[in-house]
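Undergrad: Given the coordinates of chain A, assemble chain V onto it according to the supplied hints.
Protein chains: 2
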Amino acid sequence: MSYSNEIRPPSASALSFSTTTTLSAATTTSISSSTIASSRGQQAVALLPSYLADARAVETYHPVDAPNGALQLGVAESKLVEERLVSKINQLAQQHTFSADCIYYQPTAGRPSFRQAMAGYIQDMIQLPAACGSLNTEGLVVGAGCNAVLENLCFALAEPGDSVLIPTPYYAAFEFDLVARAGLQVQPVNTFEHSGADISTATVPVEAYYPTAAALDAAYDQAPAKAKILLLSHPHNPLGIAFPPHVVQECIDWCRAKGVHLISDEIYAGSVYRPDSANFVSALELASQPTNKGGLGLGPYVHWVYSLSKDFALSGLRVGVAYSENPDIRMPMQKLNDMCQISSQTQILVEGMMTAKEDDGKQWTSAFRAEHQARLRARGDRLQSLLHEFDIPHLPATCGLFCWMDLSQFLPLADNSNSNANAERERSLYLSLVNEYGLLFTPGLSMRNERPGFFRCVFSAAHDDEFDLALMRLRTFLTSQKS
Amino acid sequence: MSYSNEIRPPSASALSFSTTTTLSAATTTSISSSTIASSRGQQAVALLPSYLADARAVETYHPVDAPNGALQLGVAESKLVEERLVSKINQLAQQHTFSADCIYYQPTAGRPSFRQAMAGYIQDMIQLPAACGSLNTEGLVVGAGCNAVLENLCFALAEPGDSVLIPTPYYAAFEFDLVARAGLQVQPVNTFEHSGADISTATVPVEAYYPTAAALDAAYDQAPAKAKILLLSHPHNPLGIAFPPHVVQECIDWCRAKGVHLISDEIYAGSVYRPDSANFVSALELASQPTNKGGLGLGPYVHWVYSLSKDFALSGLRVGVAYSENPDIRMPMQKLNDMCQISSQTQILVEGMMTAKEDDGKQWTSAFRAEHQARLRARGDRLQSLLHEFDIPHLPATCGLFCWMDLSQFLPLADNSNSNANAERERSLYLSLVNEYGLLFTPGLSMRNERPGFFRCVFSAAHDDEFDLALMRLRTFLTSQKS
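From first to last, the protein sequence lines stand for chains A and V.
Taking our numbering, the leading residue of the first sequence gets 1, the next gets one more, and so forth.
Taking our numbering, the leading residue of the second sequence gets 1001, the next gets one more, and so forth.
Just chain A, with the same shape it has in the complex:
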């Protein structure tokens, strides 16, 4: 449960940045020239989230050693399916012994049989209608994590200095993933003003977060360099919802009209635990225009990434997937993947997992997914019941591992003499939650949220007893604040 500075950060930006800052390696903190190192290496480190330094400074919970330590609800992981996964992995590892061909160099894009199994799994997971066609495995690359394949996709699509549009709030480690080596500039897409939603009410409605063509146009015009990519998180991290099909379709249409590449990051596509209200439809389905050429007919501007780190809670195995039907980037994607290949041993293991059947003949992954979703739903319900009880505004969570909570009513009063007031007010509330109530959430401004005082709760990040304790502590916090 310890949260060292080694762990991949759940979000990667400093609270002290304003939400409209455009980020690039070239514009971040200037580096001391006394270091015997490159400035780009130093700048990459500077892209990592500074609020984590606060998190690291606190003692984290341990039932015996630190019963008053802070509970980790900020790392986007699921601890709900540990026993199922560990037993399955050990069973598969016994069944799938290592054969001689596995020790040698593998195809850089991944073992063909593994890519085939992955394509089948994806189609099943997103319930792709047969009319859309089938994934073309030639366009599918497996690499060491979603960040690795996403980075290579960006290398293949955009030049250094080009802008990438990302609707706010967003998973802030995107800034490290896209800026540190690929050299893109992140242009946040602020949605509130262009959404048409009434944001004057106490509760920001979910529609306010939808990226409309108007919001995309504004960000496109505002970008410091040509915008080449729009990156969507779908289902959404940190919002815990899916954009309705018409919103994603508007993004697809806008991208095709503008000649901008859409990357749909669907890393939570298997964690849609309230499918009816979520109304999640994959961009692969929405963008499909089947032809007799095979594949889904996505055209050159629609791309897709995924990994096993969230739906499968297997972040330690580093298994990411990128998919594209753009013939011009196939070779670059496959070749650049040479730098982030997955161990053949793990390719075999995961292929076994994706093709395993239950006793009733159904896919093991389907049964696993259903169980995980049921556990996520139970956790999400418990958290939201508490929030309802205290009238705390939050988005109705339907997907992913998160609930997006508006705690802005608990912010300290603004000090108008301070131009950076919102960041300081949010940090103050964040530190109070951590230090006084032992609750580690992800602060919203670190994810470029448009307003201060919003927090992401990863309700799957703790084991059962810790989650029970977290709810008790949150109740204590809310009671004290409301009284």
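In case anyone wonders, no lab produced these hints; they're calculated from the structure.
Be careful, since some hints might not be right.
Examples of chain A residues lying across from chain V (beta carbon under 7 Å, computed) [stated by the list, open to error]: (1) 35; (2) 36; (3) 96; (4) 98; (5) 103; (6) 105; (7) 124; (8) 148; (9) 155; (10) 157; (11) 328; (12) 330; (13) 345; (14) 408; (15) 410; (16) 413.
Each pair of labels, with its calculated beta carbon distance range [as the list claims (entries may be wrong)]: (17) A:224 to V:1198: 58 to 66 Å; (18) V:1124 to A:378: 48 to 56 Å; (19) V:1068 to A:294: 55 to 63 Å; (20) V:1294 to A:161: 34 to 42 Å; (21) V:1358 to A:378: 45 to 53 Å; (22) A:431 to V:1245: 52 to 60 Å.
To be clear about the criterion: a stretch of chain A counts as covered by chain V if any three or more of its residues have a C-beta under 8 Å from a C-beta of chain V, and this derived list gives those stretches [claimed, not checked]: (23) 39–53; (24) 134–147.
By construction, the Cβ of each residue, glycine as well, lies at the ideal position given by its N, Cα and C atoms.
TA: For chain V alone, kept in the frame of chain A given last:
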């Protein structure tokens, strides 16, 4: 035995390049603007070796399906220890079951216990004297292959556009690894003229290949941008020898005086199969200046990379290592490694391999290494006996998987009207070896050799029966040419 275009290339440059060309992504072939993709992605692909297209066009050997197909002696792999590795891996996989902590995010630099085991293995392999101190595991990063950790080391040490010096001939995939994403420019270091060796004789003496301070000075002055890195292959690919300690020491001293970073790529350090004549001493030993601060006292300018792909023939597992004691690059190296982490499953497996003991209490890796070296020695001896028999100049191979053969006497006559004559003559001989004699070697100009007609034979790349056949075919070739 099939050699698809998917396999990591053994060398990565086009025969049509001259040996003095300076390479960078910015200066390679211009790309059609009609592609819906980035130019840098297209240029990355253009860095891959064009001579492989010739290799791909031929049928490769199969005992039943293609008995006249070409034998693959060009991919730098060892097939000599397959049965030992596969049985050990399967044994270890049964012993080391997957525990719950392995499924989640790991420290980006690698699991601490694995890095500790790797440090111990390295010290044992290079026989590091106790007086040098011990590796500091904080400076050790494990990532998905030597190329991946080498690239990140370069990101941390140099800016885009900086030059990297590499003595010729060199493993030509360095051009892909260092140029494609890190954006360095490769400046070959030609050694013949500055070596002081007599190169007018029929046989180029081994001393002609030693990088002297004079050769480094010349390359440094010639580099198109500031040279920030000197990359040494030690033991040497493709030469199959180790530079004597005084040569490596001269490089270390030159680098420290110039403020240039030395990276010693010692990926073949465990394949020194004739230790007495090789006289291999690791740069970690030569650069060591122990202090009471811990580590080896390498200072900020000496760095080291390694992997399990060669000595262990485990290229499929993608296990690379970088080591540095420069405090300014520790964080960048660890954080950038987030993009190329090794599966926790494979970290556990390899940690088990590195700590396994034989029945006699000795390290399993030591016994394995001794057996691999004996087999390499036997292969190398058989090849060199044949070369001796026909008086074919070659370097006396002592390390690695290679013999560096001078077949220039068999080049077609020069056509002085053609400015690119040498490249065409070598390609002609290469194609003749492939098509008429069924022998796939790596052509020397693809590795930036200073003279045409040299070839690298990877004598470990074939199984026993194929190697027998390769020697028969080579005898046929030599007989026909000499008669």
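Undergrad: Next step is simple, just say for each hint if it's right about the structure.
TA: Hint check:
For residue 35 (chain A), the shortest C-beta to C-beta distance to chain V is roughly 4 Å, which falls under 7 Å, so the interface hint holds. Proximity of residue 36 (chain A) to chain V holds as hinted, the smallest CB-CB distance being about 4 Å (cut-off 7 Å). The interface hint given for residue 96 (chain A) is broken, as the beta carbon of that residue sits about 9 Å from the closest beta carbon of chain V, more than 7 Å. Hint status for residue 98 (chain A) relative to chain V: holds, with the closest Cβ pair at about 5 Å, below 7 Å.
With 7 Å as the threshold, the beta carbon of residue 103 (chain A) comes within range of chain V, its nearest partner Cβ sitting at about 5 Å, so the hint holds. With its C-beta approaching chain V no nearer than about 5 Å, residue 105 (chain A) sits inside the 7 Å limit, and its interface hint holds. Contact between residue 124 (chain A) and chain V, as hinted, is not supported at the beta carbon level, the nearest pair being about 22 Å apart and thus beyond 7 Å. At about 5 Å, the closest approach between the beta carbon of residue 148 (chain A) and any beta carbon in chain V falls short of 7 Å, and the interface hint on this residue holds.
Because the closest C-beta pair between residue 155 (chain A) and chain V is about 6 Å apart, less than 7 Å, the hint holds. Interface hint at residue 157 (chain A): satisfied, since its Cβ lies 6 Å from the closest Cβ of chain V, which is below the 7 Å cut-off. Interface restraint check: residue 328 (chain A) against chain V, minimum CB-CB distance 4 Å, threshold 7 Å, status holds. Checking residue 330 (chain A) against chain V by beta carbon gives a least distance of about 9 Å; that is not within 7 Å, so the hint is violated.
The interface hint given for residue 345 (chain A) is met, as the beta carbon of that residue sits about 5 Å from the closest beta carbon of chain V, less than 7 Å. Annotation: residue 408 (chain A) was flagged as interfacial toward chain V, and the flag is violated, the nearest CB pair being 30 Å apart, outside 7 Å. Annotation: residue 410 (chain A) was flagged as interfacial toward chain V, and the flag is violated, the nearest CB pair being 30 Å apart, outside 7 Å. A least Cβ separation of about 37 Å between residue 413 (chain A) and chain V goes past the 7 Å threshold, and the interface hint is therefore violated.
Restraint check, residue 224 (chain A) to residue 1198 (chain V): a C-beta distance of roughly 59 Å satisfies the suggested window 58 to 66 Å. Between residue 1124 (chain V) and residue 378 (chain A) the CB atoms are about 51 Å apart, so this pair conforms to the stated range of 48 to 56 Å. Checking the proposed 55 to 63 Å range against residue 1068 (chain V) and residue 294 (chain A) shows it is violated: the Cβ atoms sit about 35 Å from each other. In this structure, residue 1294 (chain V) and residue 161 (chain A) meet the distance hint of 34 to 42 Å, their C-beta atoms being roughly 41 Å apart.
The supplied range of 45 to 53 Å is met by residue 1358 (chain V) and residue 378 (chain A), whose beta-carbon atoms lie about 51 Å from each other. With their beta carbons about 56 Å apart, residue 431 (chain A) and residue 1245 (chain V) fall inside the hinted range of 52 to 60 Å. Evaluation of the coverage hint for the stretch 39–53 of chain A: fulfilled, as 7 residues show C-beta separations to chain V shorter than 8 Å, against a requirement of three. Under a criterion of three residues with beta carbons nearer than 8 Å to beta carbons of chain V, the stated coverage of the stretch 134–147 of chain A is upheld, 3 such residues being counted.
Violated hints for the displayed structure, listed by number in ascending order: 3, 7, 12, 14, 15, 16, 19.
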